[in-house]
Amino acid sequence: MGKNKLRLSIVTPEKTVLSDLPVDFVTLPAFGGEMGVLPGHASFVVQLKEGLMHYTEARHKEVFAVLNGFAEVHKDKVMVLAEAAEFAKEVDEERARQAYQKAKETLAIRGADLDLDEAGAALRRAAVRLKVAEFRRRHKLQ
Amino acid sequence: MASLRDIRKHIASVKSIKQITYAMKMVAAARIKRAQASILAARPFAVEMDRLIADLYRELGEEDLSGTAARELFAERPAGGTLCLVLVTADKGLCGSFNTNLLKAATAWLKENRGRKICVVAVGRKGRDFLRRLKGLDLELKYELVGIFPKAGYVHAQLLTDTIINLYRTSPVESVTLIYNEFKSMMAQRIVTDRLLPLKSHIGGGAKERPAAADFAFEPGKKELLAALLPRHLGAQLYRTLLESQAAELAARMNAMESASKNASELIEGLTLKMNKTRQAMITTELNEIVGGSEALNG
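Chains as they are written, first to last, in the numbering used here: chain A, 1 to 142; chain B, 1 to 299.
One chain only, chain A, in its complex shape (with noise of 0.2 Å):
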């Protein structure tokens, strides 16, 4: 691997989760699927989804839950704006798993309700942590 590294920076609008961290490699879930990225990749602005971020920093991994929000990549600067981001962890699997439940039952129970969004927007977010959960369990057990 070379010298080069990435300088990657988390914000979200209730605080700045990581500036200008010294990463070798990231990735990203774009809204066109996951995305790679390495030193000296081409500039770009990009959509994201709710789902995992990962980046890699010399032998250390570490994974995020991001919630939507948007990523921009130039000259070796990763910045990423989302709405909400997690470490993997402060993810509390337990909490995750009954947020899942509730709002899956939320869902079930009201039809054409105002809170509908809402409920989905927590599914999602939920399904997310938990994703996050799993991986850090899978992780350790390796």
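Some hints here could point you the wrong way.
Unchecked claim - Okay, derived cross-link-like pairs now, DSS-like style, lysine-lysine, Cα gap no bigger than 30 Å in a straight line:
id, chain 1, residue 1, chain 2, residue 2
1, B, 277, B, 9
2, B, 9, B, 262
3, A, 15, B, 104
4, B, 222, A, 75
5, B, 104, B, 117
6, B, 277, A, 49
7, B, 222, B, 15
8, A, 104, B, 151
9, B, 111, B, 25
10, A, 131, B, 151
11, B, 262, B, 222
12, B, 25, B, 262
13, A, 75, B, 142
14, B, 223, A, 15
15, A, 102, B, 9
To be clear, the hints were calculated from the coordinates, so they are not data collected in a lab.
Based on these hints, arrange chain B on the given structure of chain A.
Just chain B now, with coordinates in the frame of chain A:
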């Protein structure tokens, strides 16, 4: 003249009120730190978002934009349609003139646009109640968001944004006006009346020089990206508004409660003086009576 017991009772009640106001002041003071921190934390996101939009907007020509969903948010609409007001107030009282000033500003705005059809989005219980009380206006309460302070999150801003954009797209709304309290400093707030929609076309106009557009790849297409970005921009703006209003409310409450505690202290001082005087007067009268009585016996 009030009896000793009455005065004592009065002092006790003022004291307990003072305890409450003092506690409220301390709570507000503790929360305001967090509120200020979240305003600061929200800033980088908004800045980056604006920069991205400015870049995109510059790369897209006018002709590229026409007819897209994004264009709709920028375009001026013909005058004479419905007007929309977004009023951000507090949920609770006991914060000095915070709500009163807001409602005054809202009333002034409503007077200015008398005779127009108006739809309102109310944030905060006080504003909602005020708008519900209004009679004789062509006014419709479209959406309300109450009980979110002092824990306003981005989720709330998003809900608000979705509603407003939906409203703007589906009905012939001419413009959306935002009235809220801006947090200037601990001591001062400022009422802000601002136009939210249609968007001003110079978002982040003063952005730095950027490399040629050809260097950038966009997915999924510039127009779609811009269309997806703009609601987020609106969301970030509304989020900031909510946070500002929240901090301003806490600051106002802190000041109001501080002066209330001070007044209570003064009141207690005065009452204590009065109590002592009354007690002294009673003792004097009793002494007089005893002396008089003994003199009558001796004489």
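Going down the list of hints, with the structure as the test:
For the proposed pair residue 277/B and residue 9/B, the alpha carbon gap of about 16 Å is at most 30 Å, so the pair holds. Between residue 9/B and residue 262/B, the direct Cα distance comes to roughly 20 Å. Compliance with the 30 Å bound is thereby established for this hinted pair. Only pairs whose Cα atoms come within 30 Å are accepted, and residue 15/A paired with residue 104/B is rejected, the gap being roughly 34 Å. For the hint linking residue 222/B to residue 75/A, the alpha-carbon distance of about 20 Å falls within 30 Å, and the restraint holds.
Of the pairs offered as hints, the one joining residue 104/B and residue 117/B holds, with about 20 Å between alpha carbons and a cut-off of 30 Å not exceeded. Pair hint residue 277/B plus residue 49/A does not hold up; C-alpha atoms about 76 Å apart against a cutoff of 30 Å. The hinted pair formed by residue 222/B and residue 15/B fails the criterion: a straight-line CA distance of about 64 Å is larger than 30 Å. At most 30 Å may separate the alpha-carbon atoms for a hinted pair to count; residue 104/A and residue 151/B meet this at roughly 26 Å.
Distance hint between residue 111/B and residue 25/B is unfulfilled; the C-alpha atoms sit about 35 Å from each other, more than 30 Å. About 28 Å separates the Cα atoms of residue 131/A and residue 151/B, which keeps this hinted pair within 30 Å; it holds. Using a Cα cut-off of 30 Å, the hinted pair residue 262/B and residue 222/B is violated, with the two alpha carbons roughly 59 Å apart. Among the hinted pairs, residue 25/B with residue 262/B is consistent with the structure: their alpha-carbon atoms are about 11 Å apart, no more than 30 Å.
This hinted pair does not check out: residue 75/A and residue 142/B have alpha carbons roughly 46 Å apart, beyond 30 Å. A C-alpha spacing of about 28 Å is found between residue 223/B and residue 15/A, which places the hinted pair at or below 30 Å, so the restraint holds. Proposed proximity of residue 102/A and residue 9/B is contradicted: the alpha carbons are some 53 Å apart, above 30 Å.
The structure fails to meet hints 3, 6, 7, 9, 11, 13, 15 from the earlier list, while all remaining hints are met.
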